[in-house]
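Q: Position chain B with the ligands relative to chain A; hints supplied.
Going line by line, the protein sequences match chains A and B. Per this note's numbering, residue -18 is the first one in the first sequence, and the count goes up by one each step. Per this note's numbering, residue 20 is the first one in the second sequence, and the count goes up by one each step.
To be clear, the hints were calculated from the coordinates, so they are not data collected in a lab. Backbone N, C-alpha and C define an ideal beta-carbon position, used for all residues, glycine too. Hints may contain errors.
Each pair of labels, with its calculated beta carbon distance range [what the hints assert, rightly or not]:
| hint | chain 1 | residue 1 | chain 2 | residue 2 | range |
| --- | --- | --- | --- | --- | --- |
| 1 | A | 31 | B | 136 | 22 to 30 Å |
| 2 | A | 31 | B | 118 | 31 to 39 Å |
| 3 | A | 31 | B | 35 | 43 to 51 Å |
| 4 | B | 96 | A | 143 | 47 to 55 Å |
| 5 | A | 215 | B | 192 | 12 to 20 Å |
| 6 | B | 203 | A | 330 | 53 to 61 Å |
| 7 | B | 192 | A | 330 | 38 to 46 Å |
One letter stands for each residue in the lines below.
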Amino acid sequence: MPARLVIEGDSAHIEGSLTFPDVRRVLAEFERALAVRTGSTLEVDLSGLTRIDSGGAALLDEVTERGRGRNVRVAYTGACDEVAEIRRIFSSGAGARVAERERAGLLQRCGVWGYHTWAGFLEFLQLTADTFYWSFAGLVSKRGGRKGAFVTQALLIGVDALPVVLTISFLVGAILALQSAAQLRQFGANIFVADLIAVSMAREMGPLMTAIILAGRSGSAIASEIATMTVTEEIDALKTMGINPVRYIVVPKFYAISLCMPLLSILATLVGILGGLIVAFLYLDLTPAVYTREAIEILTAKDIVTGLVKSVAFAGLICTIGAHYGFRVQGGAEGVGRTTTASVVAAIFAVVVADCFFSLIFYF
Amino acid sequence: MDKPHPIAEVQSLSAGFGGRSVLEDINLDIHEGEILVVLGKSGCGKSTLLKHMVGLLKPSAGSVRLFGIDIFAADEPEMVEVLKKVGVLFQYGALLNSLYVHENVAIPLEQHTDVPPSVIRRLVEAKLGLVRLTGTGHLLPSELSGGMRKRAALARALALDPDILFADEPSAGLDPMTTAHQDDLLLELREDLGMTMVVVTHELASIHRIADRIAFLEDKKILFLGTVSDAKGCGVEIVEEFFRMGTFA
Ligand SMILES: Nc1ncnc2c1ncn2[C@@H]1O[C@H](COP(=O)(O)OP(=O)(O)OP(=O)(O)O)[C@@H](O)[C@H]1O
Ligand SMILES: [Mg+2]
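Isolated chain A, as found in the complex (with noise of 0.2 Å):
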C-alpha cells in the first residue's frame, strides 16, 4: 500500500510503506503543510510505517531539515523497531550535503594555468632531451629497447598511412593545378605550372600535408597509448622494473616516424606532382613529357634536402608532442581522450609554426 499523509493540526501520521515512488508525492504534501506554520511543532505519528527504505528515510530527514528552515521543530513518534533501524542506518545527518570543490578565483586561475603551462613547457624539454639521448644511446647499445617494436611501429606509422598520404597529396596536386590553370592560361603561361606544383610540393605541400596527416593518424595513436598505460599504472609498473619508459616506449616511435615521414613526404611530392601532370594534360593540353621536364628541371637539390630536413623535424615534433601528452594525463579513462585530443591540436600547431620558422631560415 503506498505510504498516506494525513495531516491533522499540529500532528500528523504516516501510513503504509513509505518507499522510492512515494518520496515526491509526499514530500510535497509535508511542504503544503510546513508552509502554513511558523515557529510551532508537528509531531508525526509513524506507528503506522509498515515499511520504510532509504527513500523513505532520506524524505524523513529533508522533511526535518525544511521544518527547520521554517522555525517548525518536526518530531518523529511511533515508529516501530524495523522503521528505526533502517532509518538509523540511512540517516543522511542534520545538513548533510555534498561538499562543493573548492572554486579559484580568476587571478589565480591565471596563475595556475600559467604554472601548468610553464612546468608542461619545461617536462616537455626534458621529454625531449631524453628521447634524443636514449635513441643516440640506442643506435649504440641493444639494451632496454623492445625487440621488434620499431618493425611493428614502423608497419603501423609508415605503411598503415600510405594509402590516406598518397591520395590526399594525390587531390592537393591536382587542385592546386586546376586552381593555377585558369590563371596561367590568360597568360599563354601554361608550361609554368608544371614549376608551381613541382616547387610547392617539394618545398611545402608533401612535407606539411604529410605531417598534418601523420600528427592527426600517428600523433593522436602516441599520445592516447602512452595516457592509457599511465592511467593503468603500466608505466609506474615499468620504472618499477627497472625500465625506461622513454627508451622503452617512445624510442622506438620516435625511429619508425623519423624514418617514415621523409619517405611518405618524398612519395607525396611524386604523387602531387602526378596529381598536377593529370590536370595539366587534361586542361592545358601539356604532354607528359614536357611538364615532367619542365618539372624536373625547376626542382633544385636544396629544395629537396629543405623539404627532407623539414620533415625530419616534423616527425620528432610530432612525436614528442604526442608521448608528452600521454605522459602528462590527468584522471582517468575521460582523462585519455581529452589529452588525446589536445595532443592533435598542439601538434599540428607545432607543424605550422615550424613550417614557418623553416621558410624564413632556408628562403629569406
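A: Structure of chain B with the ligands alone, referenced to chain A:
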C-alpha cells in the same frame, strides 16, 4: 516469508568464451534473504557466473531466472524492471571515471526514480556514509584509493536498496577492520531490508561472518553447496583444504 520461487535460479547453465568452456551445467537456487558466498580458485569462473546471473553474458546453454523472470527471454522493459531490483558490484568497481563520486552514486536514483534532487543528495550522502566514505563525494574516482573505489562502487550498487545484491570481491584490497565493518553492513542490510546477496570472496574471516551457504566452484562445476560448517567436514579434499589453508593464490 514464503515465496513460490527462489529469488534467483540458475538452471543447467553452461558458459564459455569462444569455444573454451568455463562453466558446465551449473544449478543454483538462491532464496530470499540469504547470503550465498561463491568460492573457488582464481580464474575458475566466479566473475563469469556472476555476469551470467545479471544477464551481461549469454550462456551457451541453460537459463537464469531473477524474481521468476527468465532474463535471457525477457524483453528490454521487463529486463529494466528486473535490473532496478538488482545491485551489482563489479570486481574492479566500474565507476564512471568522468563523473564525481557523488554523481556516480546518484546515477541510478536519477534514472530510475522521481525523487527530488535535495533528497537525492541526502541519499547519496547516506549511502556514502554506509561505506564510510562520508565527505568524499566531491572527488573523482581517479582521486580515490583502490579500496575506496571499491566502496564507492558498493555505495552505487546499494543506491536503490536492491532486493538482490551481486558483489564480486567486495572486500578485496580492504584492511581487516574495514572488511569487518563492511560485513556488518551487509548483515545489517540483510536483517533490516531483507536483501538477498550473492558474494564472491576469498576472505576466510568474511566467509565465516556472512555466509549462510557457500557454493564452491571447481573445474567448471559446483563441487560443494552448503553451510560453512558442513563444508569443513564434507569429505571433498579441495574444499576442506581451502578452509585449512586460507586463501588460494
Ligand atoms: N572476456 C573474456 N574473454 C575470454 N576469456 C575470459 C574472459 N573473461 C574471463 N575469461 C576466462 O574465464 C575464466 C574465468 O574467469 P573469471 O573472471 O570468471 O574468474 P574468477 O573466478 O572471477 O577469478 P578471480 O578470482 O581471479 O577473479 C578464466 O580462465 C578466464 O581466462
Ligand atoms: Mg573474478
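Q: If I claimed the Cβ atoms of residue 31 of chain A and residue 35 of chain B lie 43 to 51 Å apart, would that claim hold in this structure?
A: holds (46 Å)
Q: In this structure, is the beta-carbon distance linking residue 192 of chain B and residue 330 of chain A contained in 38 to 46 Å?
A: holds (42 Å)
Q: Could you see if the CB distance from residue 31 of chain A to residue 136 of chain B stays within 22 to 30 Å?
A: holds (28 Å)
Q: Given a hinted range of 53 to 61 Å, is it respected by the beta-carbon distance of residue 203 of chain B and residue 330 of chain A?
A: 56 Å Cβ-Cβ, so the 53 to 61 Å window holds.
Q: With respect to the beta-carbon atoms only, verify the hint that residue 96 of chain B and residue 143 of chain A lie 47 to 55 Å apart.
A: holds (50 Å)
Q: At the C-beta level, are residue 31 of chain A and residue 118 of chain B separated by a distance inside 31 to 39 Å?
A: Holds: the Cβ-Cβ distance is about 36 Å, inside 31 to 39 Å.
Q: Take the C-beta atom of residue 215 of chain A and the C-beta atom of residue 192 of chain B, compute their distance, and say whether it sits inside 12 to 20 Å.
A: Hint holds: Cβ distance 19 Å, inside 12 to 20 Å.
In the structure shown, no violation is registered for any of the earlier numbered hints.
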